[in-house]
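Here's the letter readout for the chains.
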Amino acid sequence: MRSQLTWRVLLWHLVLSATVVVLLFAVAWAVLTSLRPASAVFGLEPVAPTLEHYARVLQRWPVATLVGNTFVMAAGVALGQVVIGCLAAYALVHLAPRGRRPVLALMTVSLAIPPQALIVPQYLMATRLGWLNSEAGLIVPQLGSSALAVLVLVQHVRALPVSAAEAARLDGALPREVLWHVVLPALRPAIAAVAVLVFITTWNDYLWPLLIAPRAADTTVQIGLSQFTTAEGNDYGGLLAAATLTSLPILLVYLVASRQITEAFMQRGAR
Amino acid sequence: MSTAPASRLQMQELTKRYGTTTALDRVDLDVPPGSFTAVVGPSGCGKTTLLRLLSGLEPATSGALLADGRDLTRVPAGERGVAMVFQDYALYPHMDVAANISFGLRLQARRRRGAGPDRATIARRTREVAELLELGELLHRRPDQLSGGQRQRVALARAVVRRPPVLLLDEPLAALDAQLRASARAGLQRLHREIGATVVMVTHDQHEAMTMSDHLVVMKDGRVVQAARPQEVYAAPVDRFVATFVGSPPMNLRPGPGDGVLGWRAEDGRLLAPGEEAPAGHLLVEGTAELCEFTGSAQDVVCHDGTTSFTLRQQSGTRWLQAGEPVRCAVAPQRLHHFDRDGRRTG
Numbered sequence: 001m002r003s004q005l006t007w008r009v010l011l012w013h014l015v016l017s018a019t020v021v022v023l024l025f026a027v028a029w030a031v032l033t034s035l036r037p038a039s040a041v042f043g044l045e046p047v048a049p050t051l052e053h054y055a056r057v058l059q060r061w062p063v064a065t066l067v068g069n070t071f072v073m074a075a076g077v078a079l080g081q082v083v084i085g086c087l088a089a090y091a092l093v094h095l096a097p098r099g100r101r102p103v104l105a106l107m108t109v110s111l112a113i114p115p116q117a118l119i120v121p122q123y124l125m126a127t128r129l130g131w132l133n134s135e136a137g138l139i140v141p142q143l144g145s146s147a148l149a150v151l152v153l154v155q156h157v158r159a160l161p162v163s164a165a166e167a168a169r170l171d172g173a174l175p176r177e178v179l180w181h182v183v184l185p186a187l188r189p190a191i192a193a194v195a196v197l198v199f200i201t202t203w204n205d206y207l208w209p210l211l212i213a214p215r216a217a218d219t220t221v222q223i224g225l226s227q228f229t230t231a232e233g234n235d236y237g238g239l240l241a242a243a244t245l246t247s248l249p250i251l252l253v254y255l256v257a258s259r260q261i262t263e264a265f266m267q268r269g270a271r
Numbered sequence: 001m002s003t004a005p006a007s008r009l010q011m012q013e014l015t016k017r018y019g020t021t022t023a024l025d026r027v028d029l030d031v032p033p034g035s036f037t038a039v040v041g042p043s044g045c046g047k048t049t050l051l052r053l054l055s056g057l058e059p060a061t062s063g064a065l066l067a068d069g070r071d072l073t074r075v076p077a078g079e080r081g082v083a084m085v086f087q088d089y090a091l092y093p094h095m096d097v098a099a100n101i102s103f104g105l106r107l108q109a110r111r112r113r114g115a116g117p118d119r120a121t122i123a124r125r126t127r128e129v130a131e132l133l134e135l136g137e138l139l140h141r142r143p144d145q146l147s148g149g150q151r152q153r154v155a156l157a158r159a160v161v162r163r164p165p166v167l168l169l170d171e172p173l174a175a176l177d178a179q180l181r182a183s184a185r186a187g188l189q190r191l192h193r194e195i196g197a198t199v200v201m202v203t204h205d206q207h208e209a210m211t212m213s214d215h216l217v218v219m220k221d222g223r224v225v226q227a228a229r230p231q232e233v234y235a236a237p238v239d240r241f242v243a244t245f246v247g248s249p250p251m252n253l254r255p256g257p258g259d260g261v262l263g264w265r266a267e268d269g270r271l272l273a274p275g276e277e278a279p280a281g282h283l284l285v286e287g288t289a290e291l292c293e294f295t296g297s298a299q300d301v302v303c304h305d306g307t308t309s310f311t312l313r314q315q316s317g318t319r320w321l322q323a324g325e326p327v328r329c330a331v332a333p334q335r336l337h338h339f340d341r342d343g344r345r346t347g
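Residue numbers (full-length UniProt numbering), protein chains in the order written: chain A, 1 to 271; chain B, 1 to 347.
Please note: incorrect hints may appear among the correct ones.
Partial pick of chain B residues on the chain A-facing surface, computed with a CB cut under 10 Å [said to hold, decoys possible]:
{"#": "1", "residue": "95"}
{"#": "2", "residue": "108"}
{"#": "3", "residue": "151"}
{"#": "4", "residue": "155"}
{"#": "5", "residue": "234"}
{"#": "6", "residue": "282"}
{"#": "7", "residue": "284"}
{"#": "8", "residue": "319"}
{"#": "9", "residue": "320"}
{"#": "10", "residue": "336"}
Each pair of labels, with its calculated beta carbon distance range [said to hold, decoys possible]:
{"#": "11", "chain 1": "A", "residue 1": "155", "chain 2": "B", "residue 2": "177", "range": "28 to 36 Å"}
{"#": "12", "chain 1": "B", "residue 1": "148", "chain 2": "A", "residue 2": "175", "range": "24 to 32 Å"}
{"#": "13", "chain 1": "A", "residue 1": "175", "chain 2": "B", "residue 2": "119", "range": "36 to 44 Å"}
I should point out that these hints are in silico values taken from the structure, not numbers from a laboratory. Note that beta-carbon positions come from the ideal geometry of N, C-alpha and C, so glycine has one too.
Excised from the complex, chain B in its bound form:
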C-alpha cells in the first residue's frame, strides 16, 4: 500500500457557536503534516466539535481552516480529502466488509464514469487495505457478525482506502474492552506509519493521548490551552489545568511562594531517610502515607499532611512504604513548577 501525501492543517480563529453557547472559541492551531496529533480535554471542551469542523460535517461559524494553504472552510465534507473513524464505527449494517470498505470508491467510479477507479482497481485496493488491517478472512461477513475489534478495523479500512491526506479518529478505542485496547493502540500507530497521513485523534483519555501522539493538543472550554510535543507538555505545562490534566497521577500542587502555586511531579519527590535533612534550596514536604499502590516497577504513595494530599512515586530498588508510615520527601529546585495566582506558568 503506497503512502498518501499528508496535509498540514491550519486553523485560524476557528469558531463554532450553537445558539448562545460557544463550543469552539477562536481556535488557532497548526497540525504538522504526517503527525499523529492527539486532541485531549475533559468532556465538553470542544474537541469533538473541532473534529466535526475539520471533517466538514458541520460548518464553522467563523474563522478559516486551511490544508496545505488551501482554504477548506467551505468545501463540502466528501471533497476535503478527509476521512474519519466514528466512535461507534458507523459501519453500513446491510453491507458486508468488502462493500463497506469499497463504498466510497464505488461512488467515485459511478460518478466519474471512466475517470474514477475501475472494478479491478477497487477490488485490489479493498484487498490491500483488508490485508493491512488483517481483515482478509472477513471480507464477506456483515458487521453484526464481527467482534468489536474487527468492527474497529473495518472502520479504519473504510477510512483509509481512499488514501486520505488527513485521517480523523473520534475516540477510536473507547468502544473496545481494556484487553483489546493495547493491541488496537499499537495497530493504530502501525497504520499511521504505513499510510503516512496526518492523523488527528480525539480522546478524553490523557494517557492514550500522550502515549500515542507525537503532537499533543490540550483543550478546555472551547479553547486550545497548549499544543506541543507530549514530552514538552508533560515537562512544561503552561498552566495549572494542563499540569493536573496531563500525566497520571496529576501534578502535586501546593500554595507558595507568595500568592503563587508550586507544583511537582510524583516521580520528582525523593524520599528522605529518617533524620535526613532536605538539601539546601529543596522543597521539603511531609505527610503520612495513606494509600500505597504497587504497580510492579514502581509504587505510588498517596500522602496526606493534614490539609492537602500529594503523591510520591518510588521506583523499584527503594524501600516500599506502607500505609500509616510518616513520609518526608525533598524536591529539587529545578524540578519545581511555578504558577502565578491565575494559574499561569511562570517558571
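Looking at chain A on its own, in the form it has when it is part of the complex:
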C-alpha cells in the first residue's frame, strides 16, 4: 500500500515536471534569446549575455505609454466584468432564481460564438460612438463578453449557504446590503481569480486593440510588439526583449493574487 502510494506520487511528479518543462521552454528560450547579441540571435552556442536589446527597446520604443494603455484597458475590462459578474450572479441566484436557467443557457451558448464573428459590427458601433483611439473604445465593447465571468461567479454564489443571506434579510438588510455585506465578502477569492484571469486575457488581446486603437500613442503592448516585425526585416532581439519586459506586469499581478486564485479553485475542487 505504502510503496504503491509512493510510485503513484513519483509518476505524478514526473508528468507534472514534464509539463512544466514544456511550458517553460518557450519562455526560457525567449528570455535567453533576448540576452544574446544581435549577431548571434539564432545561435545555440554560449555567448556572453548582453543587454543591448533592452537598452534599444527602452530608448526607442514607448514602453511606458504602451504598458500604461494596456494596463488601463486590462484593469478597466477586469473591473467592469467583475462588477457585471457580481451583480448578475447575485441577481440570478438570489433575486430571480426562476430566470437563472434560461439566462445561463443563453450565456453558455454565447461562449461558443467566436468574438471575431462579431468584430465588424462592434467596430462600426464603437467608431460611430467616436471611440476610435480611446479608452472607452478599448474597454466598453469588451464588457459585452462578460458571460464567462458571470458563469463562474454564479457557481460561487450558488455554493454559498443561502441562510446567511436570509438571516441578513431578517436583520432588515435590503438586497443591495445583502450583496455588499454578506455575499461579496464571501466571494473575495472568486472575484480575485476572475479579475486576474480577465486581466491577463485582455492584456494579451491583439485583434480588438489593433482595430480600435491603431494610433501608436493610444495602442497596447501587443500591437506595439508587432512593430519589431516589419517588411524590411525582423528585429528578434528587440521583440523578445520587449516581450520579456512587458510580461513583467502580468507576472506581478499573478504573484500578488496567486494565493487567492489558488484558494478560489481549491474551494471549487473541494466541493
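Go by the hints and put chain B onto chain A.
Here is chain B on its own, set in the frame of chain A:
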C-alpha cells in the same frame, strides 16, 4: 435586558403551494402571546414551510397572517419584528461575534440617520445580549473559531438583540451533540423567560417539543392536526397519528371494539401477578417479554403476543421483568383511548 412585547400570531387559512405540491394546506393556528410554541411533525409535514412563511422569507400562496391583529401577510421580512435562528445558524463568516450580533442594529442606524440607535446604544445592547448568552469573552472571535454551542448562542444573540416580539427557531438543537443539547435546552428556556417574546420552535423531535414548550402544535401533510398544551396532547391525542407520534414509547394500539381501535400508554398498563384476575371492565393484554430496557427509574418492556407488540412501562419498586417471561397486564377503562375506523378519537 428589558423584555420585549410579545405578539399573538394568528394564521387564517394559510396556504403555500410549490407548483402542484401543497406544502401548507389552509392552516388555522393561534399562537398565544409570550408562549413557547413547539411545532412538531415528521419530515415533509410543512413545519419548516410554516416557519418560512411566518418569517416572511417566502410569501404565502393564500390566507393571512396576523400579529396582534395587524396583517403581516405582505409585510417584507425585515419589517415584521420577527427574528429567526437558522438550523445551520447562518452566521456571517467574515464578521466577528460582536459584528454578527450588531449587524441589524447597525443597518438600522445607517438607514434612519439619527432616528436609529447610536453607537453607544448599539455597543451597550450588544454587550447586554452577549452577557445574557455568556458570550462576553468571545466578542472578537470569528465564527470559525467557535464551538458548535457557542455558534448557536451567537445566532440566538443576533436574533434577540433587536428585541423582536416573535422569535422563530428552526431545529435550534439539531446541530449540537447530545451532551450539549440538555444545557442548550435549558438555555433556550431561560432566554425565553428573560426576553418574554413569543417563541415558535420547529423540531422533528417530539421529546424536545414536549419538554420545552407550553403550546404544542402537531403537523402532518401540511395541516395542523392538534394544537394544545403538551399535557393535553399527550393525555387526549385527537387521532391515532398524534397518539403514536407524541410520547415515547408510542401509544399501544390494538383493534376493538367493533371496527374501532383501542389505545393505552405504556405506563397505564399494570402488571398482574401470576394467577391474578384483571379487575372487571379492565382491558387484559397478554404476551411475552421480548426486550427489557432498563432506564434507571423505570423499565420499558416490549412484549409480543403473536400478532402485535405492546410496551409496558414499570416504575421502580416493582419486580423487574426479564426477556422471555410471560406478561399479563390490565388497563383501567378510564385510561383507554378510543379511536374510530378512520383513526379519529371518540373517547
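These are the hints, each one checked on the structure:
| no. | hint | result |
| --- | --- | --- |
| 1 | 95 | 8 Å, holds |
| 2 | 108 | 6 Å, holds |
| 3 | 151 | 13 Å, violated |
| 4 | 155 | 8 Å, holds |
| 5 | 234 | 33 Å, violated |
| 6 | 282 | 53 Å, violated |
| 7 | 284 | 54 Å, violated |
| 8 | 319 | 52 Å, violated |
| 9 | 320 | 48 Å, violated |
| 10 | 336 | 46 Å, violated |
| 11 | A/155 - B/177: 28 to 36 Å | 33 Å, holds |
| 12 | B/148 - A/175: 24 to 32 Å | 31 Å, holds |
| 13 | A/175 - B/119: 36 to 44 Å | 26 Å, violated |
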